[in-house]
Each structure stands twice: as C-alpha cells, then as structure tokens.
Amino acid sequence: MLKNRHIQGWLQASPLTLVLIGFLILPILTIVVVSFWRATEFSIIPDFSLENYEFLFGSSVTYKVFYATLKYAAITWALTLLIGFTVAYYLAFHIRSQTMQIALFLLCTIPFWTSNIIRMISWIPFLGRNGIANSALQSWGVIDQPLEWLLYSDFSVILAFVHLYTLFMVVPIFNTMTRIDHSLIEAARDNGASGFQTLRHVIVPLTKPGIMIGTIFVLTLVMGDFITVRFMSGSQKANVGRLISNDIALLQYPSAAATAVILLITVLIVIGILLRFVDIRKEL
Amino acid sequence: MRSGKDLELVTLTKRYGTTVAVDRINYVFENGSYVCLLGPSGCGKSTTLRMIAGHESVSDGSILLDGFDISHLPPAKRGTAMMFQNYALFPHLNVRDNVAFSLRMKGIDRPERHKAANEMLDLVHMTAFADRLPAQLSGGQQQRVALARALVTKPRVLLLDEPLSALDPFLRIKVRAELKRIQRELGITFLHVTHGQDEALALADEIVVMNNAVIEQAGPARSVWNTPRTEFVARFMGGHNVISLNGAKVALRADEVTLGEAGLLATVTSVEYQGAHVAMTSMTDAGEEVLALVPEEQFFQTPKNPGDAVRLAWDEGRVHRLQA
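If you read the sequences in order, they're chains Z and X.
Using my numbering, the letters of the first sequence correspond one by one to residues 142 to 425.
Using my numbering, the letters of the second sequence correspond one by one to residues 373 to 696.
Some clues are possibly wrong.
[Said to hold, decoys possible] Taking lysine to aspartate or glutamate and the EDC-like style, the derived pairs with C-alpha atoms no more than 20 angstroms apart in a straight line are:
no.: 1; chain 1: Z; residue 1: Lys378; chain 2: Z; residue 2: Asp388
no.: 2; chain 1: Z; residue 1: Lys378; chain 2: Z; residue 2: Asp295
no.: 3; chain 1: Z; residue 1: Lys349; chain 2: Z; residue 2: Asp322
no.: 4; chain 1: X; residue 1: Lys526; chain 2: X; residue 2: Glu491
no.: 5; chain 1: X; residue 1: Lys449; chain 2: X; residue 2: Glu380
no.: 6; chain 1: X; residue 1: Lys478; chain 2: Z; residue 2: Glu327
no.: 7; chain 1: X; residue 1: Lys449; chain 2: X; residue 2: Glu428
no.: 8; chain 1: X; residue 1: Lys449; chain 2: Z; residue 2: Glu327
no.: 9; chain 1: X; residue 1: Lys621; chain 2: X; residue 2: Glu588
no.: 10; chain 1: Z; residue 1: Lys349; chain 2: X; residue 2: Asp469
no.: 11; chain 1: X; residue 1: Lys526; chain 2: Z; residue 2: Asp388
no.: 12; chain 1: X; residue 1: Lys377; chain 2: X; residue 2: Asp438
FYI, nobody ran anything at the bench for these hints, they're computed from the structure.
Bound-form chain Z, shown alone (with noise of 0.2 angstroms):
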C-alpha cells in the first residue's frame, strides 16, 4: 500500500516534470554545454576550452555592455514602480466599487492587445527630429531647436521599457494591495497615523511581496531584452542581449551561449539577493 502510494505520487508529478526537463532544464544544459565549445568562422567545434569566458571576462566591452544592462534594469524598474504602485493604489484604495476596479484594470490592459513591437515602434513617428512631440515644443515656443535626445538615446529606450512594462508591475501590486484589509486603514487612522504615515508604516510593508513579484518580472524583461533596445536606440546602445543576438547573427553559438549562461547567473543573483529581503511565498 505504502509502496503503491510512492508510485502514484511519483506518476502525479511525472508529467509537469517531463515538461520542464524538456522545455527548461535540456535547454539550459545545452546552453551551458555549448558555451565551452570553441568556434572558428566557419565552424563549430565541441571541447571543453575556456575560451568563450577568457574572451568575455577579458573585454572591456562585456563590462560595459552589462553595466548598460544593469543600468537600463534599475532606471526602469525605478519609474514602473512609481507609476505602478501608484496605479494599482489609486485602484485598490480610490474607486470604491468592485465592478469600476475591474473596469479600469481592463482598460489599463488594453494595450497589451497589440504587439511589443508595434507599441514600440509607435514612439518613432512622436519622437523623432521632425515627430510630433518636437513640432509641439517648437509651435508651443518651449525650444527653438528640435530635441535630438527625443530618439535613438538612451531616453527612449527607457520610455518603451517603461511603457511596455508597467502592468507588469501594477498586476501583482494591485493584487497584493486587494487583499489589504480596509479596516486596518481605519486602525491606523483610529491611531492617529496620516495619510503618508499610513502609506509608509501599513501599506508599503503589507505590498512588499507584490513589489517583489513586479520587481522580478521588470528585472528579467529588461535584462534579457535585445529588440527594444535595438529599435528605440536606433542601434547605438548596447545591452548584453544585443551582445548574444550579434554573436547569433554571426553564428559565433558558443560565444553566445557563454554570454548567456553569465548574464542567467548575473540575473539569479540579483533575484537571491530580492528574495532574501521578501518573503513572497505566501503570494505564490
């Protein structure tokens, strides 16, 4: 009977098993395997040489390219917080009746109906030399020269990461704030706290786990990204999926899978160091 019960445990699991170590684990595995082979131009030779990482670690090309990621991560991550945590208060804690809370979350999801790509491609007619936004500034009298930051800067990368990734955010936010139990705002009124106080010493703490499940989200997105990048900078920023496509586009694999195999490691720690400050278990 026990031994019965062990098997048919074993059989539960087995299929969501088969399917990660088909789908997730085979596939890092190659990665990482592939990334100690060594290339020529013109092939593709399996060893186990070190040379992918040697170069890497060698360049001062890796260190800048990763530290444009890093940066691109922590500007966006910073803006869709803001925006995102205020969106998901003012939903959660503003509109009063459930039906308008769903209404405006839909709303809030309605761009999500068309591709990135599309969404991203949308600025370059706004912002470019001649787009919308600098014939505004210019007729309005705010600048006599057209703004060359608008596009094809680091500006505009942002502002697509921003905009493409925001509900990102304002998804596990608004679902964590949800669950805030609207008498312990009254608590805390009842003790005297003010608004920012009730912000600061009740709210924040009870959506941290929230906050670290859009941190996650944000934090992958836009360290593994490449196309935003090379659209909106009109390729002349850099970040480390740019360095990987490059590599690919060059059939350079193992210098590509090597990359990647650092950036995953650079991207899990970042996420370790998260989790040692939230608990988000409970979310999940």
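On the provided structure of chain Z, position chain X as indicated by the hints.
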C-alpha cells in the same frame, strides 16, 4: 448624574442618499459607565458608533465630549479609540509594535513607546506574547492585543464594535468578564455595540436599545429588561411573552407563567428541557404564543406533552403594560 464630562449625542443623524441610518438621536452617556448599544442588524447602532469614532461623517447634529463638539475632528483627536470587530491588527507588526503604533505615529522614541506598550500588555495579561505576530495568536489573544492598542492612546471613551462576535461561546463569556474588569479598573466610558441581549445584560450599566434608526428605549439594564416600553423591546430582550389582555398589549415574563387549574386556556405546542427549567410553548385560543419557563421539578410532577390542553396562570401584578 451629569458631570459635564459626559459624551453627548445631539440630534445625531446619518443619511446615505435618501436612506436614514440614524435618525436624530439624543443621548447622554454618563462618564465612566459601561454602555451597550443593542439592536438587530441594520438598526443604526454600528453607524452611531462609527460616527462617534470619526470613521463615518455626521450628516446632521453633533457629538459632544467634555462639552466640546468633536463631530468634525479626525478620529485620533477626539479622545475616543475604537476596537474593531475583526480586531484589525497590523499583520506585519509584532504584538508590542501593534500596541505602540499610535505612539510611533506621534513620533515618540522607541524606548518610551515600548514602555507604554508593555504597561498596556500587562493590563491585558499579554506580556508573554509581546514578540509574536498577530497570526501566531488565538482569537481571544488577538482581541486582548486590539484592546491594548486602543487603550494605549489613553482614550476618554472606548468604542467596541461587536468585540465578542468572532469568539466561540465559551471564550465569549470569559472575555466579557475581562472587559468589565478592565473598564472598572480604568474608570473610562466603554461604549459596546452588540446584538446579543445576554451580552448586554451581563456587561452594561446602561442599555440603549435601537431599532429602525432611533433609540427605542434606554436605561439601566434591570429597568430595560423588567419594564420594556414597547413590544419590540420586550421581544428583543427575550424572556417575555407579548399578549393581548383586555384590548391592550402586555408583556409577561416567561418565568412568571405557571400551570394551574384555572387560567387562560392553551394548547401545548412544544416542550424543551433546559436543565433548571422546562421551556413549554403553548398556543392560546386567540392564536398567541406563550412561553412558560417552568421549574424542572414542578413540571415533571405533572408532565405535559404537545397537544395537551393546559391552563396558564400568573400573578396579575406582574403583568406589564406596553406603550406600543
């Protein structure tokens, strides 16, 4: 005995659109008394309490404490503190920090606010649990912490919104004795909202019975129970029969009804053994239900069964005329 320090409601009104939740009520809560606001759900008792606490705006009228109009002050500036029905403890703070929360909001230093919190925890016998989180406490323990948190602000009036409703019946009786002890020790006014008449009778110096947004009757617990003014109060307080005698409604205590040779003819509809008493319900010829609480020994000398005809008697002096 008015002392100028009382809590007074003056034509206090709450309207939600066209619905009137509290309709021009006037009342003086004597300083240092334990008052129960009693009534069925939706009668306006909770709204009244929340208006006094400052969590609900006043549509009309005013609330006076110590002779000052507090109707439009923020909750923490009124000299009141509220204990919430579900306790509303902050789940991320331990017991001590929950109790010290209001002091922290005032910017009082950590050692000082912890000292004050510890004193309050001592009062409610929760010192041993000071470092636990609310989720690690039982319902009764959470309730004590909520009480300590409300009392740490040194309120003049403590407002309790159905404080015992989340506890099991056994604990409820224990905790209500505790509430009474703390009220007596502190000597402040406790204003306790409940829908349980036994709870109100057990605790209150004074009972305010509310129904349909107005005060139906108010006064010392014994007078409300013994001399109900209206049929509603008589029925709600329980233990009374409301019957028509000579064209007027009267209240008759169930334990005053005896079974005799002469008296009102009735048919037994149910018999319930309750230990010290037997609760016998019967139907009179006029179609009115009468409950008789007959002492156990007396009942079993001549036991009755549903369907039996009985004669109900009582001492005429114990019949209480109702005004409405």
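Here is what the structure says about each hint:
Only pairs whose Cα atoms come within 20 angstroms are accepted, and Lys378(Z) paired with Asp388(Z) is accepted, the gap being roughly 16 angstroms. For the hint pairing Lys378(Z) with Asp295(Z), the CA-to-CA distance comes to about 8 angstroms; that is within 20 angstroms, so the pair holds. A hinted pair counts as satisfied when its Cα atoms are at most 20 angstroms apart, and Lys349(Z) with Asp322(Z) qualifies at roughly 15 angstroms. With a CA separation close to 12 angstroms, the supplied pair Lys526(X) and Glu491(X) stays within the 20 angstroms bound.
Restraint check: the Cα-Cα separation between Lys449(X) and Glu380(X) comes to about 17 angstroms, which is no more than 20 angstroms; the hinted pair holds. Using a Cα cut-off of 20 angstroms, the hinted pair Lys478(X) and Glu327(Z) holds, with the two alpha carbons roughly 17 angstroms apart. Distance check on the hinted pair: Lys449(X) and Glu428(X) sit about 15 angstroms apart at the alpha-carbon level, within 20 angstroms; holds. Between Lys449(X) and Glu327(Z) the alpha-carbon distance is near 14 angstroms, which keeps this suggested pair within the 20 angstroms criterion.
This hinted pair checks out: Lys621(X) and Glu588(X) have alpha carbons roughly 17 angstroms apart, not beyond 20 angstroms. Restraint check for Lys349(Z) and Asp469(X): the C-alpha separation of about 19 angstroms stays at or below 20 angstroms, so the hint holds. Pair hint Lys526(X) plus Asp388(Z) does not hold up; C-alpha atoms about 70 angstroms apart against a cutoff of 20 angstroms. At most 20 angstroms may separate the alpha-carbon atoms for a hinted pair to count; Lys377(X) and Asp438(X) meet this at roughly 4 angstroms.
Comparing the model with each numbered hint stated earlier shows that hint 11 is the single one that does not hold.
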